[in-house]
Each structure stands twice: as structure tokens, then as C-alpha cells.
Amino acid sequence: MTCRWALPVLVVIGFIFTVIIEKYQLFNGYTVFVLVTIGINIILCASLNLVNGYMGEFSVGHAGFMGLGAYAASILTVKIFPNVDTPVLFFCAVIAGGLVAAFIGFLLAILSFKTRGDYLAIITLAFLMIVKSSLENIHYVGGPRGLLGIHHLTTLPWTFFWVVVTLWVIRNLIYSKIGRAIIAIREDEIAANAMGVRTREAKIFAFATSSFFGGIAGALYAHQIQFINPSSFDILKSTEILVMVYLGGVGSLGGSILGAVVFTLLYRFLEQLTIGPGQLGSWHFGPWQLGTWRMVIMPLILVLLMLFRPRGIMGLREFAWFLPSRELLTRRKKE
Amino acid sequence: MSALLEIKAVTKRFGGLCAISDCSLAVQPGSTHGIIGPNGAGKTTLFNLITGIYKPTEGEILFKGASIAGDRPNHIALKGIGRTFQNIRLCKELTVLDNVRSAYDTQLHYSPLSALFQLPRVVRDEKQSIATCLELLKSFGLEEFANHRASDLAYGFQRRLEIARAIALKPDILLLDEPAAGLNSGETVKLMEFLRWVKENFKVTIVLIEHHMKMVMGLCDRITVLDFGATIADGTPAEIHSNQRVIDAYLGGDSDDE
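As given, the protein sequences belong to chains A and B, one line each in that order.
Taken in order, the first sequence gives residues 9 to 343; the numbers are from the working numbering.
Taken in order, the second sequence gives residues 17 to 274; the numbers are from the working numbering.
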């Protein structure tokens, strides 16, 4: 099948393209900033989708994992190796951010695997508050003022690289026995148990993987914004990620990409959108900065989405070119 | 011959309600064992106790001579007890093939970490799993629906898929909870043939909860009758048929339920 090798080729071309953009500064700073933000949001969205979409749980603590990753990576690059400025260090720092988040996610999953639905939501909410408040109380990382002096290391090629790695790994997970296990748990946990599915192991593993990429995204975010403080990773950040997941579609990687792209562009677009000044008859209006209203507009979109398309744009469906070839072969045979 | 599955003086209380009281039964390997009784007699509770969904309040459950009472449901399943449910429980959003695969996955032994990076072993195991499960679906006459969502199947096919899924686990014993529920008499006759074939082909012992007397009498080597959570009779179909207590408790009241 042609599309089998088309995707890797596309990825390589995309990567070369990002390198060229970075090197010759083809795009202005703002465009690159938005593109990197989209990338980070794709990672956040896809990883949260693993828990909220595929596993059917409701975690609101994803910003907490993001925060853990951001702080862990920044401590490495700012505090421990401040004078080393190599891509290798950055790579290791991002991995370290992911691992710290994954470890904490693993512990949290062990604690909470018995709970479902509302209860897991409350536990993850509590976790989020613990992370934020702990960071505020640790003076080593600047307390509530936050951590300054982070280098700008999150370039477009790095972001692209991590987006591809995230999507590839999560895709592999979903189309493996673990993926089928967590989907079976979502559909019917009692039946999953009766089929011998190792429900506890599958849940914990998927949750830790999701946290890992939350941490990766956090590490990239810190080195993009170059400043982090505990309140960057509060419930609002979690809400943003949730909006992306439910906008794009639960249980769909294509949906995660779509959700992150649409959300980020809409967010940036609304930020700059000004209405007026103008005149309607004798009525002079504006100028209105819609930017300050975006957190009214975005949730409103979410409400409409839940009413008319509760599973999101791509809910539970997937682009065929995302599936591993073995899955496609059986499909083709049938058609 | 030692029993494959043995329930010894099991009692299960839910608060003040005694769902199963001092129930005992033994299922011989290779047999088809029927469990009958009026509604609310505790038949499904008994299945839930065997498969670990409930823990017995008192008593012992032995499978292949080892105690399984209070074990986790998925561990019990892996030891070789497959089951179906009275109200069909399929993974509705998964395809027919993936329903069977998710049960067959317990036979795949690659590590979760290797799955993340899709190492060659994972690809090989998954390919083999697809082939095996398609083969299984074919023998169950479900191959043409392999890529349909399970919830799109007709009711009778869903029942069949549930049995196929239980078989994918490679169980020694298959617990069927009212497989004929909702079928007409023609379909029930077909189901009987089908169950005989399943038993023959996959070498499983079958325990069957059923209200269809014709089916139970026709299929089972041995029948246990429950009433109010207690065993009131145990014997061959002929013995049960002429047992006065059974007729009083159950058959006498609604033997004309067809």
C-alpha cells in the first residue's frame, strides 16, 4: 500500500522543513511560537486522551504532570548544569521531566486504580493542588515567584520530533494488548475481568505513560516560555487540555491533533481579535478587545460541542493512516 | 475421578439477605452440568462467586483442586474459567475481531514496554493473534462480521460472539448464563447443537444456567437444582425429572413455560 511508506516520508520531510524554518528564520517569531504551542498542545492532548478517551476515566490532573515535567527539566538545565547548553542535555532534561512525571503518575495510579469516574476526578484534582502548593513552598525553585532564567531550547524541530515520538508511541500502545485492555475496561470492566484482562496493570501502565508525555510537554513548555511558576500549572491549564481532548474527540489520535490545532489557533485568533471601533446608525461602538473574552467564548464552544457532538469532532474514529499495517490488512480483506 | 470445579458449603450473604446458603456441587471434567432453579434462586450469584466478582461469606471453591475463593476475577479467568453473562456484556465499541483479540491477548506474553516501541516480537505476536482470532471467528461463523462493531451485531450473533470470546481465553470450563434467553424454540435447537459442537471441538467442560427445560434435559449429564440459594436436588436429568422436591419447587409451578 502506498500510504504505508508515505507517512514516514512525510514525517522526514516535515522534520527537514522545520529545521530549515528554524535555520533560515522563514517564519517570524510569533508564527514559530504558535507552531511550537500547537506541538506542545498535541502532546498534552494525545496523552490525556489515553486516560480520558481510551480508558474512559476522567483525570483533571494533567497540568500537574506537566508542571512536574517542567520543573524537573528546568532544574536540570538551570540549576544543575547551568553552563551546559547542548542539545544532548536538553534531550536528557526532557526525558527526565517525563520520567519524573511518569513515576509520580505511577504512584498516583497505584493509589487510585480502584476508584473510577467522579472519584478519580477528585483524586486527580487533589493531586493537582498538592503539586501546585508543594512547588509554591519549595524555595529552591523560586516558590510562588517561579523559576527564572530558563534557556530558550524548545525549537521547532525539537517540538516536531517530540510530537512524532508521542503520537507514534501512543499509537503503538493503543494497538497493542494494553490498548485493547484499557478500551475493554472502558466498555465493560466486569467483562474485561472475565476475559482475564489484567485490568490493574493495564490501567497503571496507561496512566504512567500518559503522565510521562504530560511531563515531556511540560519540559518543552518551560523551555519555550523560559519562565515557569506554580500557577502556570493550575486547574485552568488542565481545563484547557480537557477542552482540547473533548473538542478533537475522545478515543482518537487524529482527534487529538485536530483538537490541539483548532484550540490553539482559535485561542490565538480570539486573543488578537478586536471588534470596532465602528458605527451602527447613531451608535458608536468598540473597540472591543475580544482577547479578554476568550475564556468566555471557548467554554461556550465546549457547551455547544457537548450538546451537539458529545464525543468531539473525531469521537472514537481514527484516520486510516494512523493504524499499524497489520490492522489495515484484516480490514482490507473484509472489504 | 476428581471434580474439575468443586463448590463446598458456600454461603453468600448480602447484608441480611442470604443469596446462597450452604450450597455444594461438583462438576466432573468433560461433563455438561446444568444449574436450574426459579428466578432469584441464586444461580447467577453462584457464577459470580465462582468467577470472583463476589467473595463467598463462607465455604470453599476449588478449581482443579486449588482454592480460588476470593481471588481476583481476572486471575480466576486466567486459570481457565471462561464465562458469558445473562445480559450480554460485549465491548460494544470494539470490533468483533477486537473483542475476541482482547480475550486472546492473555496468551500474548510480550512486555508492555516493548509494545510502546513496537519491537519485532510485538508485531509477530499481534499478527499471529489476528490470524488465530480470525480463524476462531470463522469456526463460529462470525468471520464476515470481523470488522463490524460488536453492538451492530444481531442479538443471536452477539450471544455467539460472547461464547467465542470466552473460548479465546482457552478455558477448561465454560460458564454459560442463560445462553438461550431471548431465542425462539428453533434457535434453541440450533444453540443446543452449537453447544455440543463447542464442547466437542474445544474440549471444554460446560456449566449451564438455563430455564429452557428441553435444552437442559437434552444437553446436561448432571443437573443441580437451586431454590432460595440452597441445593435442593442433584442428579442425572432422569432423576431430576422425577424428583418430587424439584417438581414442587420449580417444575410443578412453571413447567409449561414454553
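Hints listed in this document are in silico derivations from the structure and should not be mistaken for laboratory results.
Worth double-checking, as some hints may not be accurate.
[What the hints assert, rightly or not] List of simulated lysine-lysine pairs, BS3-like, C-alpha gap at most 30 angstroms:
hint, chain 1, residue 1, chain 2, residue 2
1, B, Lys206, A, Lys122
2, B, Lys80, B, Lys95
3, B, Lys95, A, Lys122
Going through the hints against the structure:
For the hint linking B:Lys206 to A:Lys122, the alpha-carbon distance of about 42 angstroms lies beyond 30 angstroms, and the restraint is violated. Under the criterion of a C-alpha separation no larger than 30 angstroms, the hint pairing B:Lys80 with B:Lys95 is consistent with the structure, at around 9 angstroms. Proposed proximity of B:Lys95 and A:Lys122 is supported: the alpha carbons are some 23 angstroms apart, at most 30 angstroms.
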